[in-house]
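As you go down the protein sequences, you meet chains A and B in turn. Numbering of the first sequence is given in my numbering, commencing with residue 7 and proceeding in unit increments. Numbering of the second sequence is given in my numbering, commencing with residue 21 and proceeding in unit increments.
Some hints could be false.
Footprint (simulated), chain A over chain B, 3 or more residues, beta carbon under 8 Å [unchecked claim]: (1) 242–249; (2) 258–267.
Capping the alpha-carbon separation at 27 Å, the derived lysine-lysine pairs in DSSO-like fashion look like this [said to hold, decoys possible]: (3) B:Lys263 to A:Lys132; (4) B:Lys69 to A:Lys111; (5) A:Lys86 to B:Lys73; (6) B:Lys307 to A:Lys132; (7) B:Lys262 to A:Lys89; (8) B:Lys170 to A:Lys72; (9) B:Lys263 to A:Lys111; (10) B:Lys262 to A:Lys111; (11) B:Lys262 to A:Lys72; (12) B:Lys307 to A:Lys89.
Don't read these hints as lab results, they were simulated from the structure. Everything numeric in this text was worked out from a predicted model, so none of it was measured. Heads up, the beta-carbon is just placed ideally off N, CA and C, and yes, glycines get one too.
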Amino acid sequence: MEIESPDTENQNIVLRTEDLSIGYQHKNNLEVVAADINLKLYEGELVGLVGANGIGKSTLLRTLSKVQPALRGDVFLSDKEIKTYKTSELASQLSIVLTEQIASKNLTVQELVALGRQPYTNWVGKLLEEDIEKVRKAIEVTHITELVERKCFELSDGQLQKVLIARAIAQDTPFIMLDEPTTHLDVYHKAYILKLLKRLAFETQKTILFSTHEIDFAIQLCDKMIVMNTEGFEFGRPKELIQCRAFSSLFPEDLILFDPKTGSYKVRN
Amino acid sequence: MTPNKSYKSIFIIIIIVLLLCFVTNISLGSVLIPWLDTLKSLVGGTVEKESWKHIIIDYRLPKAITAVIVGSGLGISGLLMQTLFRNPLAGPFVLGISSGASLGVAILILGSAFVGGSTALLLVSNWGLVIAASIGSILVLLMVMLVSIKVRDTMAILIIGLMFGSITAAIVSVLSYFAPAEQLQRYIFWGFGSLGNLSWMDLLIFSIIALLGMALAIFAIKPLNTLLLGENYARSLGLNIKKSRFLIILSTGLLAGSITAFAGPIAFIGLAVPHLTRQLFHTSNHKTLIPAVILFGSIIMLVCDTISQLPGTEYTLPINAITSLIGAPVVIWLLVRKRKMLF
Numbered sequence: 007m008e009i010e011s012p013d014t015e016n017q018n019i020v021l022r023t024e025d026l027s028i029g030y031q032h033k034n035n036l037e038v039v040a041a042d043i044n045l046k047l048y049e050g051e052l053v054g055l056v057g058a059n060g061i062g063k064s065t066l067l068r069t070l071s072k073v074q075p076a077l078r079g080d081v082f083l084s085d086k087e088i089k090t091y092k093t094s095e096l097a098s099q100l101s102i103v104l105t106e107q108i109a110s111k112n113l114t115v116q117e118l119v120a121l122g123r124q125p126y127t128n129w130v131g132k133l134l135e136e137d138i139e140k141v142r143k144a145i146e147v148t149h150i151t152e153l154v155e156r157k158c159f160e161l162s163d164g165q166l167q168k169v170l171i172a173r174a175i176a177q178d179t180p181f182i183m184l185d186e187p188t189t190h191l192d193v194y195h196k197a198y199i200l201k202l203l204k205r206l207a208f209e210t211q212k213t214i215l216f217s218t219h220e221i222d223f224a225i226q227l228c229d230k231m232i233v234m235n236t237e238g239f240e241f242g243r244p245k246e247l248i249q250c251r252a253f254s255s256l257f258p259e260d261l262i263l264f265d266p267k268t269g270s271y272k273v274r275n
Numbered sequence: 021m022t023p024n025k026s027y028k029s030i031f032i033i034i035i036i037v038l039l040l041c042f043v044t045n046i047s048l049g050s051v052l053i054p055w056l057d058t059l060k061s062l063v064g065g066t067v068e069k070e071s072w073k074h075i076i077i078d079y080r081l082p083k084a085i086t087a088v089i090v091g092s093g094l095g096i097s098g099l100l101m102q103t104l105f106r107n108p109l110a111g112p113f114v115l116g117i118s119s120g121a122s123l124g125v126a127i128l129i130l131g132s133a134f135v136g137g138s139t140a141l142l143l144v145s146n147w148g149l150v151i152a153a154s155i156g157s158i159l160v161l162l163m164v165m166l167v168s169i170k171v172r173d174t175m176a177i178l179i180i181g182l183m184f185g186s187i188t189a190a191i192v193s194v195l196s197y198f199a200p201a202e203q204l205q206r207y208i209f210w211g212f213g214s215l216g217n218l219s220w221m222d223l224l225i226f227s228i229i230a231l232l233g234m235a236l237a238i239f240a241i242k243p244l245n246t247l248l249l250g251e252n253y254a255r256s257l258g259l260n261i262k263k264s265r266f267l268i269i270l271s272t273g274l275l276a277g278s279i280t281a282f283a284g285p286i287a288f289i290g291l292a293v294p295h296l297t298r299q300l301f302h303t304s305n306h307k308t309l310i311p312a313v314i315l316f317g318s319i320i321m322l323v324c325d326t327i328s329q330l331p332g333t334e335y336t337l338p339i340n341a342i343t344s345l346i347g348a349p350v351v352i353w354l355l356v357r358k359r360k361m362l363f
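Next comes chain B alone, as it looks inside the complex (with noise of 0.2 Å):
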């Protein structure tokens, strides 16, 4: 496809409202730290106060690198989704992926409470959640890839996905409905989702499996724009459609497995973030498309997380319920704006 114009101006421009979003994320927190003071402890130069420094590189800097990785990282799922799904309401999640990471770490939390003693606090470390919600989303894939050389029809894979979701949603429940109120408590607190948990060595692989599922969709950007013909017209100019889903939905169970696994359930980033950008780039053209979600998926990211830091006090609002309060209201809008929602 060509792009009938070119968005570079456009371009630079999220490009350096995504660096102001970076630094002013990093400077804002229970401490204000100056502007000039975050820029120099970036590249290591001399701070007035050395525990700003601390502060900066040991908490706050990964923590805006994981909403970056968080925030594109969904953005693209739902980008890639929607355009396989030829669904405008499509997310990373309606296949279920995030239901699967729920319900690894549900039957964790939940689950520990059962078997008790010091084996239960070592399962319910923060890697004990990692690989829970991990394996989970990685089988809840497992099984809509299997379902997905089985069965033909694209929607139906939709209708599956969603029923998964349903089906852990009930399992969820009925664990939550026995479980201690303490470990209750521990499963909600990390439904809330939070960016902040990570170390540097958390950070390193979750970036890993982040850019793999981010290089994918980048091989996938050809199909992707085939695929906006429709399977039918996709098959008839030459693309292989099996080999094509298998790689979109590797690169999603990729990028939202991984990301619930570090961070947690993030609502309606992935199902936002793509349409917001369509309001900037006029164009259907995955080319475009991808770079312009991961670093608009960037910008939202970094926003909800320093509005829900509300800076300056010491509270810290669940990074889910923020971007559901962006998110859920921006989707409204556009359907009334527009009445009709296109991808």
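Looking at chain A on its own, in the form it has when it is part of the complex (with noise of 0.2 Å):
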């Protein structure tokens, strides 16, 4: 049985798109990866990036940080346009988990999460009691308590990627980006940190937005999709995404065929 989310129209949009294209400025060409993008996530959704190999996931991404400039159109965090943020202030509204190693794994899990708190604290980075209490619950809600004092290089890859996103909920920010938060796992791993993304979103009321290849997991889980493929994009849910057959135009045809029934793909025989 599924239950229908209360009407979207009371709850807070956290992140809004307006005609948004995504694309590189070349010195005299615009190469446009996707054009009018529009998206409404609301307070404590969690919504699932897909789409296939280099279709512009990472770019969209890039786009919705601010890591790299939209070529028209606009991307509102908290009701502001992003482009208007300062690093410092998006700090305090967007906390990310990325595919890339972290630099020194040398740093023990409590100092990683504690490194969320950094655009809180004062110069010299001293926690106070409310930033400790901040990681402490960070800690727990991912339930990574008995991993506090390992060093990052005794983790695992599924234990890094729960201390990661540790650290994006130390961050505190109302909206969580991750890019392939599944990449490297097993698919035991995969299903439970997507589990513990969709249980994060719900008991932290924070908008987390991912991307993956793992797109039956993300039918499962997610409230809302976004499916990037070459005509377009579509965002809905899950369902009405299927209905669409949104997930049958994602890949060449000739080898794997979406099922809607099962929502996972089968190999053509």
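Given two chains presented individually in distinct reference frames, assemble the corresponding complex, making use of the accompanying hints.
Encoded structure:
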């Protein structure tokens, strides 16, 4: 049975885009990766971003996080245009989990999570009562309490991913963005991380956007999904997207076919 | 970052060790002065022989203080470079700072042969060397900083620093090839490094510059900790990367530049001290590491200087050779033991 989420009109919009075009500005020509993107992400929603390799998922994430400028249109984060944010202000609105390795694996888990409090601490990074409490909560909610004393180089990929998510939670931003948080993980840990994100979005009422290749898991767990394909992009609840056959046009149909009943891909016989 | 444990007891121990090393360093030399008399002359008491007091106050005390500044300053700049370049093998000299200083000194000493006469003598005074080394390192540093504004990639800056190093080394060899033997020897002697050539006046200026560099390093503690996550994470945490990079490079430049200017090129301390410190302090938090590196670097440099004095003999070995002899095996030992160097 599906529980319909409450009427979206009453909820707060955390991230909104208006006729957004993303891509790259070369000297004389414009390379448009995707155009007319209109998104509305609400508080407490888990949103999955799927699409084939090279379709522009990373470009979209980079544009939404102000790493690269939009070609056209606007991104609003907490009702303010993203290009008007200073780097330091943005740090209290948006936290990220990247695919790249952290530079120093000599950090302990505790230290790494506590680094999430950097936007709020003084010039030398002193943690106040409130910061320590937020760090403790982030560690608790991601179930990594038994890891806090460990060094990052001692962790498995799955454990490290949880720690990085805890760090983003400790940063205490309304919006969290994760770039392929399930790569390098086995199928159990893929599901584990995505379920964790689902629970975090619900419990902390943060908006969580992640890109992934785990389309079947995303269909089962996400509140909304963004599907990017060559014709454009679709945005909606997984059920609606299945109905409008968004997943069928995701990949060339010569090899795999989307099965709407199971919500997964099958290899063509 | 919260330190998991308090390192108070280790800090107290290394402060005591530092004080012991300091007094021992002063009491040993070609003339062995008993501990008690060393302490007495340091606090201004009466000493058995008046000449001892003279040796200690005018020669050994400034030398020991120089050793402390050189050791702590190089250690700090090594730590800063390792974090900034995310490379455990980075040291203060990767930016070409010391090659810049060497170039300045090489042009002064080796080039003075072509000027000739009394101007040459004037140029190749102690202060001439300091000024030439400072100008050389500042010029290279400015070039690296200009590049760092243009180039976003930190690794590229590292490589550019190494390239500057190669270019200056090449120019130095060309100069050495044409220089007369006497001048060449002077240059080689400068390259040995020396802690003992500083008067109190020199020392005052040296300490002011070095303290300024260390103060900047303290202001860089938070950015340095943030950079442990890598530049993209650091930016997402609101860090102004360019500003922080500038602050860190400036601090390193002041420290490594002034040290090379006043004490000559001192090898391996910048690279080895941060790693040795991490053996004792199992943390990457710069709030702990910076004071720890200051203390530890001072101790190592005092020990190296004590060894180079060959206590009881009239000979003094070049300090640069001693630091390499101790520093290089330490780095090898760390690599073999841990198989991978962390920072």
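Against the structure, the hints:
{"no.": "1", "hint": "242–249", "result": "holds (count 6)"}
{"no.": "2", "hint": "258–267", "result": "holds (count 3)"}
{"no.": "3", "hint": "B:Lys263 to A:Lys132", "result": "holds (21 Å)"}
{"no.": "4", "hint": "B:Lys69 to A:Lys111", "result": "violated (56 Å)"}
{"no.": "5", "hint": "A:Lys86 to B:Lys73", "result": "violated (71 Å)"}
{"no.": "6", "hint": "B:Lys307 to A:Lys132", "result": "holds (10 Å)"}
{"no.": "7", "hint": "B:Lys262 to A:Lys89", "result": "holds (19 Å)"}
{"no.": "8", "hint": "B:Lys170 to A:Lys72", "result": "holds (20 Å)"}
{"no.": "9", "hint": "B:Lys263 to A:Lys111", "result": "holds (24 Å)"}
{"no.": "10", "hint": "B:Lys262 to A:Lys111", "result": "holds (23 Å)"}
{"no.": "11", "hint": "B:Lys262 to A:Lys72", "result": "holds (17 Å)"}
{"no.": "12", "hint": "B:Lys307 to A:Lys89", "result": "violated (34 Å)"}
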